[in-house]
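Enquirer: Given next are the chains, with one letter for each unit.
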Amino acid sequence: MTNALVENYFRVDKLPHIWCPGCGHGILMRSIAKAIENLGLDKDKVCIVSGIGCSSRAPGYMDFNTLHTTHGRALAFATGVKMARPELEVIVITGDGDASAIGGNHLIHAARRNINITTIVFNNNIYGMTGGQYSPATPTGDLGTTAPYGNIDRPFDIPKLAAAAGATYVGRATAYHANLLTKLVENGIQNKGFSLIEGLSVCPTYYGRKNKKGTVVDIMKWQKETAVDTKVAAKLSPEQLEGKFLIGELKNEAEPEYTEEYQKIIDRFVKER
Amino acid sequence: MTNALVENYFRVDKLPHIWCPGCGHGILMRSIAKAIENLGLDKDKVCIVSGIGCSSRAPGYMDFNTLHTTHGRALAFATGVKMARPELEVIVITGDGDASAIGGNHLIHAARRNINITTIVFNNNIYGMTGGQYSPATPTGDLGTTAPYGNIDRPFDIPKLAAAAGATYVGRATAYHANLLTKLVENGIQNKGFSLIEGLSVCPTYYGRKNKKGTVVDIMKWQKETAVDTKVAAKLSPEQLEGKFLIGELKNEAEPEYTEEYQKIIDRFVKER
Amino acid sequence: MKKNNIKLMQGNEACVEGALAAGMRFYGGYPITPSTEIAEGSAQKLPKVGGKFIQMEDEIAGMAATIGAALTGVKAMTATSGPGFSLKQENIGYAAIAEIPCVIVNVQRHGPSTGLPTSPSQGDVMQAKWGTHGDHPVIAISPSSVKEAFDLTVRCFNLAEKYRTPVILLLDEIVGHMREGIAIPDPSELEIIDRKKPSKDDKNYLAYKVEEGEIVPAMAGFGDGHRYHVTGLVHDESGFPTNSNEIADVLCTRIMKKVEDHVDDIVAYEEFHMEDAEVVVLSYGGTARSAKSAVKKAREKGLKVGMFRPITIWPFPEKQVKEFAKNVKGIIVAELNYGQLVLEVERVVKGSADIFHIGKVDGEIITPNEILSKIEEVI
Amino acid sequence: MKKNNIKLMQGNEACVEGALAAGMRFYGGYPITPSTEIAEGSAQKLPKVGGKFIQMEDEIAGMAATIGAALTGVKAMTATSGPGFSLKQENIGYAAIAEIPCVIVNVQRHGPSTGLPTSPSQGDVMQAKWGTHGDHPVIAISPSSVKEAFDLTVRCFNLAEKYRTPVILLLDEIVGHMREGIAIPDPSELEIIDRKKPSKDDKNYLAYKVEEGEIVPAMAGFGDGHRYHVTGLVHDESGFPTNSNEIADVLCTRIMKKVEDHVDDIVAYEEFHMEDAEVVVLSYGGTARSAKSAVKKAREKGLKVGMFRPITIWPFPEKQVKEFAKNVKGIIVAELNYGQLVLEVERVVKGSADIFHIGKVDGEIITPNEILSKIEEVI
Amino acid sequence: MANQNEKKLIVKKSWCKGCGICVEFCPKNVLALNHEKVEIIDIEKCIKCGLCELRCPDFAIYLGGMEDEEK
Amino acid sequence: MANQNEKKLIVKKSWCKGCGICVEFCPKNVLALNHEKVEIIDIEKCIKCGLCELRCPDFAIYLGGMEDEEK
Amino acid sequence: MSKQMELRLTGSGGQGLILGGIILAEAAIMDGKNAIQSQSYGPEARGGASKAEVIISNEEIDFPKVQTADLLLSLTQVACDKYVDLIGQEGLLLVDSSVTVPENTNAGEVIQIPILETASEVIGKPMVANIIAIGAINALLNIVSKESLEAAVLNRVPKGTEELNKSALAEGYKLGVRR
Amino acid sequence: MSKQMELRLTGSGGQGLILGGIILAEAAIMDGKNAIQSQSYGPEARGGASKAEVIISNEEIDFPKVQTADLLLSLTQVACDKYVDLIGQEGLLLVDSSVTVPENTNAGEVIQIPILETASEVIGKPMVANIIAIGAINALLNIVSKESLEAAVLNRVPKGTEELNKSALAEGYKLGVRR
Ligand SMILES: Cc1ncc(C[n+]2csc(CCOP(=O)(O)OP(=O)(O)O)c2C)c(N)n1
Ligand SMILES: Cc1ncc(C[n+]2csc(CCOP(=O)(O)OP(=O)(O)O)c2C)c(N)n1
Ligand code: SF4
Ligand code: SF4
Ligand code: SF4
Ligand code: SF4
Ligand code: SF4
Ligand code: SF4
Ligand SMILES: [Mg+2]
Ligand SMILES: [Mg+2]
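Going line by line, the protein sequences match chains A, B, C, D, E, F, G and H.
According to the UniProt record's numbering, the first sequence is numbered sequentially starting from 1.
According to the UniProt record's numbering, the second sequence is numbered sequentially starting from 1.
According to the UniProt record's numbering, the third sequence is numbered sequentially starting from 1.
According to the UniProt record's numbering, the fourth sequence is numbered sequentially starting from 1.
According to the UniProt record's numbering, the fifth sequence is numbered sequentially starting from 1.
According to the UniProt record's numbering, the sixth sequence is numbered sequentially starting from 1.
According to the UniProt record's numbering, the seventh sequence is numbered sequentially starting from 1.
According to the UniProt record's numbering, the eighth sequence is numbered sequentially starting from 1.
You may find that some hints are simply not true.
Said to hold, decoys possible - Here are the computed lysine to any residue pairs in the SDA-like style, where the Cα-Cα straight-line distance is at most 25 Å:
#, chain 1, residue 1, chain 2, residue 2
1, F, Lys-37, H, Thr-100
2, C, Lys-203, A, Glu-242
3, E, Lys-7, E, Val-23
4, A, Lys-160, B, Pro-159
5, C, Lys-257, D, Glu-189
6, C, Lys-326, C, Pro-315
7, A, Lys-45, C, Arg-195
8, D, Lys-45, B, Glu-260
9, A, Lys-244, B, Thr-140
10, E, Lys-12, E, Val-23
11, H, Lys-82, D, Asp-249
12, D, Lys-350, C, Met-274
13, C, Lys-203, A, Leu-5
14, A, Lys-212, B, Glu-261
15, B, Lys-14, D, Ser-244
16, G, Lys-82, C, Val-250
17, F, Lys-7, F, Lys-28
18, C, Lys-48, C, Lys-326
19, D, Lys-45, D, Ser-244
20, A, Lys-183, A, Ile-265
21, A, Lys-213, G, Leu-19
22, H, Lys-166, H, Pro-126
23, E, Lys-13, G, Gly-14
24, A, Lys-251, A, Thr-226
25, B, Lys-221, F, Glu-6
26, D, Lys-258, D, Glu-318
27, F, Lys-28, B, Thr-226
28, F, Lys-13, H, Leu-86
29, H, Lys-65, C, Gly-359
30, B, Lys-210, H, Thr-100
31, C, Lys-319, D, Asp-249
32, G, Lys-3, D, Gly-302
In short, the hints are calculated from the structure, not lab data.
All of these numbers come straight from a predicted model, not from anything done at the bench.
My request is simple: use the sequences and hints to build the entire structure.
Expert: What follows is the structure, given as structure tokens:
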């Protein structure tokens, strides 16, 4: 017995999931299912693809065509799925490591092509699955098991990177701002082109503990207090924005979509026949 | 017998190089040597690294510590060289395919780390070495042997991508604007951090021929006419800039450099001893 | 004038034609000499039949996209050469455990690393079997002519579909770039195997359950209405990951056995003058052409020499080689590498015949005369 | 109280200690279970000795950075497990042809693909030899204890430096994650080999010329004042690319022979109760511990059983195995995979002894009793 | 969709991992943790805002339609 | 550095691949192609601007110091 | 202790049982014995039920995994249910008081002691349960010397928690006295 | 033509000799013969000296590469110098007039004809040199039927250049008449 959303969009027999108590990934996963529910998508026509990582375990629990691939390669597999069957709504769920470390190249190329895939990055600022090594999203100075003296890398701004690479819809939400995430995912799915939504997650087990950020509740409070919606931010001074980060819609532009452009080539020959 | 620049900075016995008549790569390679000469760098302390491609053959002709690696991986090898021996001036010469197709991930990560490497991308808008397939820098609509019906991919703006990923010095020149390239490379080398300079090259053999862009001379004339220096561009209207592209310095910011930050960790322990 | 329907075609072109004839409707790859013509041909021809070509950002992505496409129900292929084949290995292993049918063409060139990139080689024969980590099934097939490049590409697709496994076409630069006459068979003459799909209304579909009498599980296409999970982790019959050792054993053994138990169906080989041969030249791919020529010359000299040509390299025609080895004095393995398949021959023959090796790593191909000299030395 | 200088340590930790003792001053890698502790230990300890650790964006980059660093003259290492080992293959081939000394640790886990990522395996034994394209030399070493994880890591570095080649430490999850007592030897007790460098003022230095009496070319560090070219293409003695078939032959043969011709120096193995053994258990790495236990139990029962443990997997102790095979009834190969090194044993033994295999692909390790049963069955 | 008022706050204890998120962010202090499991301590105060459901990573607390009970 | 005026325009024919870049971009029409090799047709007009050298992909034309000739 | 001792410590992920195993093994080594410690992991490096194994012997230890445990410690019900069958006929099943002992166990002996409660109530720190447990184990089985065990504990616990852990160890010894 | 014919066409990258080889091979196939065409490449796919090989035979052709050429065509000096030694004792060395024939060649016969000049001066298109060359070759050696050769040419050249290439072929035949 569970509620309608879970009943309809999850593989209930596989629950509860393997994630740690308080892991933000569960919240984000629910927000995505909610977006799919709101849009009323046909489950048979939704394909969810992931790589490897705690985050990438999500699709296994979701009742769609689900594909758990190799580390970093979700978008490359997803590109094959989408090209071969453009009528499928292809959604990629990936981690900060999966998407931006080993998978960084596939990310920028999918963005460049503007292929109609919606990617949600569960960014917990760490490699959770392998036990807390720093990731390309770990803030400078923070600790990881492979950054015992403080991380000297500078983190990516993943949405900004995706936008520069060519993504046409880009946004950010957090585990705390779960409803916003749902809204952004809805928009991303509706965007005809490549959409990337960063969902700031929480890894209490490794990132939180290692960096003395307190419990999951403490981190979610921090998210609540530090995030500023772009719409609000527009009215604030640089000083007021100091130390804050932006959530909401960060880019929304129309550009030709990849599979549609390919279809035009095919159509040329159909006409010729 | 040849002139001083060539005599001093090239492996004269390996010349003439294998590039086709009119290949822009030779012009760009000379500009880099010129920059090194202008800066008066110690040849023993310069290391030039490349991947695979026509462009990546450059280091073989240059009289430094030169490393011709695997396709796309120049920056990853270069990162090892630079980390292990930060006193070396590490320069990467790479192609549009090498740097932004297979090597895209290493590019954005080197940029993110702001490691003191100067990368020059010989962008001829095509895979030259393998005979003219479209690259991530081939303009939409152009032809390549694998884009027989016109390329539907959108090209990267490589300098913009590098900047978004974290490069601290970014610029663009062309084979026609060879002196500008020298200046930008000088600046890039002097920048303490990751620098990327795009050098628009010319592949008359494949890109030019396939796309009916005429001879190398025609393409260089096009470069001359279409490029606008950033400084000039600042004074022009969007209409005036329509169809033009920018050359010159595109980004120049100071940020902590990677190997220096690592040295600080080492120094901590030296002090502790 | 055109007196027949024979066309002059490169091995690489014939591979594309074969793939299209077999039903390929997706190609995902990254160009590399000497396989590029396969990408180029696919780019040109696929949209004409409603298929899709995509040039990915690298070979890893090319392999991934190929698997992704195959999962939607289409027949998919990728092609590459040595360096790219190395990069594809991780995802080839994925296709093996997730049982996704697809075809990987490796047009072998000289190595290791960039080596002599335009020179021929047969240096990836062992890599085809062992390139990815962990135990996995392998089918690899090596054509010796342009005609075979066509026929065996069709066969690769058929075997991939039948056994739900990635199949490797081990071309070499010799055959890949050689132009030869080929009569493309009429589509009606070709046997084309398609993967078995579950029935539309099978509500109890378990994606990894082998039904009674079947070799592999029926495979639904993503989007066909059977929602299921695919993973590279060890998984149960539903496709969901498990840590159960029992299930791991069943799965990992089953994927090996489906090939092992059907070697007779899979293995193909050519015998030439084997009837009374005292010495056998074992050779494959482009090099087998030199071997055949050498055997002809030797026969002209009255020497009792035959040729055995494995067409499937993996599984290796173990039974056949073991059998003829009993009756011959020596086996000369001629292959364009430092000594790879010869190791398998040594293993199989168990000392019942002397084994000699002709190899080369200088970028040139082995000539008939080099083989002939060896024959004369050995006989 | 602390009565001795023995420390409790994981195999992975001992590997880091061994590397540091051997002189490792660079580590470039990407984390993956079950090798992560090697990255973590290196991250922690390298800066303390002035060395560098960098977590790269993926395994390909980790391997590349390791080679790049090695070229500047430092000793460099990377560590990974199956999926990462597959990804590193292309650049391992590069290190082989460019003759860059470095150490690659592969802590084997269950596969193929993601498999059972926390379960032990010895499924990458063949991949260690054949994983990259083209013919290339291979040295791979497999420790059976924490102490050996230390000692053999030192040995890997020594062999890498001596033979200018990438060397693979084939750990497995059993030994990598097991904690055991180990007495770390005093640095003065260790034999440490450093690469031969050209003299500072050698103006005619040819980076790939083997001097009279040497095994490999002297290797200048980038920045030391000898400017030269390094490439993965076939190259001449200066390091510059060439298409000459003669030079290709010399180079490609030389890099194979430098290992082949020194097997006796490289090969290491352990013999246990081999004197009068009628049946031999051949086993390596973590599984050899089960084998030893089984042999002890069998001996207690009065059975004439011995154990042969290859420590270097590649080159395989061919001579030794061939030799003892003549005097035994059967050889039981126990390894944690579907059947890999057993193929090499079959090849080498040429039918002079019966060969049996105990393998496993279910994620569990092989127990002494399983081996004992087999012994009793065979003897 | 069922009217909000017809909905009932339901806890699926077996799925609750006791993270405390719902407890913290419930605007009305309806919930508490007890032995690492969530508990409804003051259902009267519940305004059925659904914030607990929104943020529970384990789908262990939610506003169920009445029909749920029948199952 | 040698004074610009002391420099001499030198062509290294064996390296010239006849691309014509120097010919086209010479501001003074000093150069021409002949049988796919560059040729100096009017040295008098040369202002020693060095643009030919700058853009020759093959280092086949340059302003050499007088010392070059001695070699 | 004469023969080879095989111990299996089970519970949930955060209870520090691997550290407990390490401490026992390290103490044995200090005593001049041989010891091997190992563990099993869940998916990749994370969580769920945790199992640490220790083998201690005067002889060389070949096979590194516990075959039939001489002792099974279970701090949670899940762990107890999962591993109880792997205990030897003469083995000791030591469970926390919160755990219901399964019926029909073939353990030689079953002992139930309030480890978790002692940690949270007596010491006031739930995280020292592992130290209490190893104290109790050593009291019951006398595997290693008291001095070595204390030294090993102090060697492995975070700086500043030495006294706390000493008390925990002492409480463990108390709980392990056969009543 | 009765026995197996082995031809090697050499020159520089852009001269279209591979296409020339393809056309010869294709014509042979139209005649019902067997033919194999192959080439060598420079570094990766690009340039430098180019070599196309054609083998034509009434029998099955096994070894696909030319061993001792019955004909060596060289349009450039570099190519001639590089490949001249690989010609058979009875082989024909056919070179462009611009090429200086090396001394001591072991070719059976040497013929020099103005292929390049005819292309640029007579036809006015340097790029048809390959077609002129194969015309001359066929005139000299009579390898394939005239009809097949013309059909093969028309089959392979770009649309709109048919007439041009026909004339080139005709010029080639003229040049290939033994004088
Ligand atoms: C090729 C490869 N390299 C490394 C790994 C090990 N690995 C698994 S998940 C992971 C990181 C996951 O981080 P992220 O994507 O941020 O996901 P999270 O677990 O934090 O949700 C790593 C390094 C792997 N499975 N495959
Ligand atoms: C792993 C791998 N994949 C593919 C290739 C084939 N390849 C060599 S160079 C090249 C493209 C080069 O393009 P670019 O970097 O733009 O250089 P250019 O030749 O245009 O200067 C490719 C695809 C290779 N050598 N290795
Ligand atoms: S390790 Fe971190 S990211 Fe992974 S499940 Fe636990 S809390 Fe979530
Ligand atoms: S193919 Fe293009 S890029 Fe390569 S050398 Fe020729 S002109 Fe230059
Ligand atoms: S529905 Fe709202 S008020 Fe009621 S328990 Fe949940 S969060 Fe609290
Ligand atoms: S948020 Fe969910 S898992 Fe966490 S305490 Fe509340 S009901 Fe339990
Ligand atoms: S130096 Fe200037 S003027 Fe003289 S030839 Fe060169 S480009 Fe022309
Ligand atoms: S630019 Fe250089 S190569 Fe080109 S024509 Fe002039 S001298 Fe010759
Ligand atoms: Mg993460
Ligand atoms: Mg390019």
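Enquirer: Now tell me, hint by hint, if it's right for this structure.
Expert: Each hint, compared with the structure:
With a C-alpha separation of about 20 Å, the suggested pair Lys-37 (chain F) and Thr-100 (chain H) falls inside the 25 Å cut-off, and the hint holds. This hinted pair does not check out: Lys-203 (chain C) and Glu-242 (chain A) have alpha carbons roughly 56 Å apart, beyond 25 Å. Taking the CA atoms of Lys-7 (chain E) and Val-23 (chain E), the gap is near 19 Å; set against the 25 Å cutoff, the hint holds. For the given pair, Lys-160 (chain A) sits about 14 Å from Pro-159 (chain B) by alpha-carbon distance, which is consistent with the 25 Å threshold.
Simply put, Lys-257 (chain C) and Glu-189 (chain D) have alpha-carbon atoms about 50 Å apart, too far for the 25 Å limit, and the pair is violated. Between the alpha carbons of Lys-326 (chain C) and Pro-315 (chain C) the distance comes to roughly 21 Å, so the proposed pair stays at or under 25 Å and holds. Distance check on the hinted pair: Lys-45 (chain A) and Arg-195 (chain C) sit about 21 Å apart at the alpha-carbon level, within 25 Å; holds. Pair hint Lys-45 (chain D) plus Glu-260 (chain B) holds up; C-alpha atoms about 18 Å apart against a cutoff of 25 Å.
Proposed proximity of Lys-244 (chain A) and Thr-140 (chain B) is contradicted: the alpha carbons are some 38 Å apart, above 25 Å. Among the hinted pairs, Lys-12 (chain E) with Val-23 (chain E) is consistent with the structure: their alpha-carbon atoms are about 15 Å apart, no more than 25 Å. The straight-line distance between the Cα atoms of Lys-82 (chain H) and Asp-249 (chain D) is roughly 20 Å, inside the 25 Å bound, and the hint therefore holds. In summary, the hint linking Lys-350 (chain D) to Met-274 (chain C) is supported, as the alpha carbons are separated by about 24 Å, within the 25 Å threshold.
A distance of roughly 21 Å separates the Cα atoms of Lys-203 (chain C) and Leu-5 (chain A); the hinted pair therefore holds under the 25 Å criterion. Proximity of Lys-212 (chain A) to Glu-261 (chain B) is assessed by CA-CA distance (about 23 Å); at most 25 Å being required, the pair is judged to hold. Distance check on the hinted pair: Lys-14 (chain B) and Ser-244 (chain D) sit about 15 Å apart at the alpha-carbon level, within 25 Å; holds. Restraint check for Lys-82 (chain G) and Val-250 (chain C): satisfied, since their Cα atoms lie roughly 22 Å apart, inside the 25 Å limit.
Annotation: proposed proximity of Lys-7 (chain F) to Lys-28 (chain F) holds, straight-line Cα distance about 17 Å (limit 25 Å). Simply put, Lys-48 (chain C) and Lys-326 (chain C) have alpha-carbon atoms about 53 Å apart, too far for the 25 Å limit, and the pair is violated. This hinted pair does not check out: Lys-45 (chain D) and Ser-244 (chain D) have alpha carbons roughly 46 Å apart, beyond 25 Å. Taking the CA atoms of Lys-183 (chain A) and Ile-265 (chain A), the gap is near 34 Å; set against the 25 Å cutoff, the hint is violated.
A threshold of 25 Å between alpha carbons decides the hint, and for Lys-213 (chain A) with Leu-19 (chain G) the separation of about 24 Å falls inside it, so the pair holds. Note on Lys-166 (chain H) and Pro-126 (chain H): the hinted pairing holds, with a Cα-Cα distance of about 15 Å set against a maximum of 25 Å. Pair hint Lys-13 (chain E) plus Gly-14 (chain G) holds up; C-alpha atoms about 21 Å apart against a cutoff of 25 Å. With a C-alpha separation of about 21 Å, the suggested pair Lys-251 (chain A) and Thr-226 (chain A) falls inside the 25 Å cut-off, and the hint holds.
Annotation: proposed proximity of Lys-221 (chain B) to Glu-6 (chain F) is violated, straight-line Cα distance about 31 Å (limit 25 Å). At roughly 17 Å between alpha-carbon atoms, Lys-258 (chain D) and Glu-318 (chain D) fall within 25 Å of each other, so this suggested pair holds. At roughly 23 Å between alpha-carbon atoms, Lys-28 (chain F) and Thr-226 (chain B) fall within 25 Å of each other, so this suggested pair holds. In summary, the hint linking Lys-13 (chain F) to Leu-86 (chain H) is not supported, as the alpha carbons are separated by about 30 Å, beyond the 25 Å threshold.
Proposed proximity of Lys-65 (chain H) and Gly-359 (chain C) is supported: the alpha carbons are some 18 Å apart, at most 25 Å. Distance hint between Lys-210 (chain B) and Thr-100 (chain H) is unfulfilled; the C-alpha atoms sit about 35 Å from each other, more than 25 Å. Restraint check for Lys-319 (chain C) and Asp-249 (chain D): not satisfied, since their Cα atoms lie roughly 35 Å apart, outside the 25 Å limit. In summary, the hint linking Lys-3 (chain G) to Gly-302 (chain D) is supported, as the alpha carbons are separated by about 22 Å, within the 25 Å threshold.
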